Every structure is written in C-alpha cells, then in structure tokens.
Amino acid sequence: MGLLLNRGRYRARLAQAPEDVQAAQRLRFRCFREGPVDGVDADDFDARCHHILVEDQQTGRLVCCFRLLRLSGGHEIGSSYSAQYYELSGLSDFGGAMVEMGRFCIEPAVKDPDVLRVAWGAMTKYVDDHGVEMLFGCSSFWGTDAETYLDAFDMLAERHLAPSRWLPRVKAPKVVRFAAQRLRRPMDRKLALLRMPPLLKTYLMMGGWVSDHAVIDSDLNTLHVFTALQISAIPPARAKALRLVAG
Numbered sequence: 001m002g003l004l005l006n007r008g009r010y011r012a013r014l015a016q017a018p019e020d021v022q023a024a025q026r027l028r029f030r031c032f033r034e035g036p037v038d039g040v041d042a043d044d045f046d047a048r049c050h051h052i053l054v055e056d057q058q059t060g061r062l063v064c065c066f067r068l069l070r071l072s073g074g075h076e077i078g079s080s081y082s083a084q085y086y087e088l089s090g091l092s093d094f095g096g097a098m099v100e101m102g103r104f105c106i107e108p109a110v111k112d113p114d115v116l117r118v119a120w121g122a123m124t125k126y127v128d129d130h131g132v133e134m135l136f137g138c139s140s141f142w143g144t145d146a147e148t149y150l151d152a153f154d155m156l157a158e159r160h161l162a163p164s165r166w167l168p169r170v171k172a173p174k175v176v177r178f179a180a181q182r183l184r185r186p187m188d189r190k191l192a193l194l195r196m197p198p199l200l201k202t203y204l205m206m207g208g209w210v211s212d213h214a215v216i217d218s219d220l221n222t223l224h225v226f227t228a229l230q231i232s233a234i235p236p237a238r239a240k241a242l243r244l245v246a247g
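According to this note's numbering, the sequence shown is numbered sequentially starting from 1.
Don't read these hints as lab results, they were simulated from the structure.
Just so we're clear, the structure is a prediction, and the values are computed from it rather than from any experiment.
Treat the hints with care, as some may be off.
Mimicking SDA-like on lysine to any residue, the simulated pairs with C-alpha atoms at most 20 Å apart in a straight line are [what the hints assert, rightly or not]:
(1) 111 to 30
(2) 111 to 8
(3) 125 to 79
(4) 201 to 189
If you anchor each label on the Cβ, the simulated ranges turn out as follows [claimed, not checked]:
(5) 243 to 193: 21 to 31 Å
(6) 43 to 108: 20 to 30 Å
(7) 218 to 57: 35 to 45 Å
(8) 44 to 233: 29 to 39 Å
(9) 171 to 16: 27 to 37 Å
Every residue, glycine too, gets a C-beta built ideally from N, C-alpha and C.
Please model the entire structure based on the sequences and the hints provided.
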C-alpha cells in the first residue's frame, strides 16, 4: 500500500491507484474551492506527481494530502507548478535534487496537530529516501484580501526573504509587493503568527525562505508566496525531531 509511516492514530502512504488520487482531489476541492462535496480539484500536474495520503487508521478517513513533483536539479525548475507564477531562473543553477510540494491540505473539520506532524514525518522520509536537497512550493493564505495579512507579510519581509541569488522575480499579472510596502507602524507579531498558514510556519521554523511578493490567485481564492527550504539548512535539533517521527 506504499506505506511511509504509522504514528499513533494516523498513517501516511503513497497513492497506489486512481481511486487514491481521486480521493485526494476531492479533499483538495473541499479545502480550496467552494461547491458540492463530490467535486474534484485536478490539473495536468497530477499525472506527474507522487501523491501522499494521511489517513485515520481507526476509520480509514483521508485527513490530509499533498503531492510531490521530483526534479533532478534546478535546470528543470521551469517545468514546476510554481514556475507558472514566479520567474525562478535564479534557482536554475541549483545542482541538487529538488521536490516541489503542492496542494497541501488538511480536512477542515480535523484539528488534531498530529496530522501535520505525521505529514512532515512522511515528507522527511521521502526526502531522505530520494536524496532531496531542496523542497519548495507555494504557501497559501486564504482569500485575496492582502490587508488581512499585512502583519504576517511584514514579518516575512523582515526575517524570511530568499537569499538574493535565489530570489524569485515577478511573473504573475497580479501580485502584492509586500517587501516594498512595509507597514508604517510596528507590526503586531502575535497577529502575524496567528495569520500565518501552518504549513508556512513549519517551513520557516526549519529555516525556509519566501519570495518578496505574493501572487493573487483568483482561481483558488488565495494569496500565495513562493517558499523553499534547503535541506542542509535545517537546524540539527529540528532535523533530528523530524527523523524521529519519520522512523
């Protein structure tokens, strides 16, 4: 069944059949789009990706999913999902294996923090098994009203911008240039952390960085920032904790 790990109530596994991918697409629809519960969120990238499912072992319910696109190096970055929205030529010389993580979502009714922990444990195992040196993707804020996230954007600009050699440049037609539009008042750090998506916070705690602008994605009703993490930059204590979960 492509099992990656079992931890407590949850298991993480690779999708093995079209029905698995369809289940992930239905969960993505519930998380990213408004409509009937039997709708699907699907695109051409699905066929190129590995899909990770996190399931409740007691009920078999799918509680989290994400997809992974493997690249042999930065020379393939233009074929990624993110490259539709960001000019990523700065990463084209990155020589190590890369993985793009996309469509990460957790069933809205599930509030157990162990789900995110198991998802990252599964990601860690995948990264280790495939010798991945950089993890990247788009981290999404719900809605397209940038005013809601000004404090969060200010924190990103102050602490977490990409190294200049890798900084993504603007490509999408509608963006929020938050690094160039800093607040004229002190940021509310508590509010900034409260408004930060959980996935993005996890990236940042491990040493990840972001683009200097957010893309306005009207299709998915989100604002997203390009996010990346060089595996060698993860603090040793956090790397050890992740590998303990990954087993």
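Against the structure, the hints come out as follows:
1. With a C-alpha separation of about 15 Å, the suggested pairing of residue 111 with residue 30 holds against the 20 Å cut-off.
2. Distance check on the hinted pair: residue 111 and residue 8 sit about 15 Å apart at the alpha-carbon level, within 20 Å; holds.
3. With a C-alpha separation of about 24 Å, the suggested pairing of residue 125 with residue 79 is violated against the 20 Å cut-off.
4. Of the supplied pair hints, the one linking residue 201 and residue 189 holds, its CA atoms being roughly 13 Å apart against a limit of 20 Å.
5. A hinted range of 21 to 31 Å for the beta carbons of residue 243 and residue 193 is consistent with their spacing of about 26 Å.
6. The given range of 20 to 30 Å is respected by residue 43 and residue 108, whose C-beta atoms sit roughly 21 Å from each other.
7. Taking the beta carbon of each, residue 218 and residue 57 are about 38 Å apart, inside 35 to 45 Å as hinted.
8. Remark: the range hint 29 to 39 Å for residue 44 to residue 233 is upheld by a beta-carbon distance near 32 Å.
9. Taking 27 to 37 Å as the suggested C-beta distance range, the pair residue 171 and residue 16 conforms, at roughly 35 Å.
Checked against the numbered hints given earlier, the structure breaks only hint 3 and satisfies all the rest.
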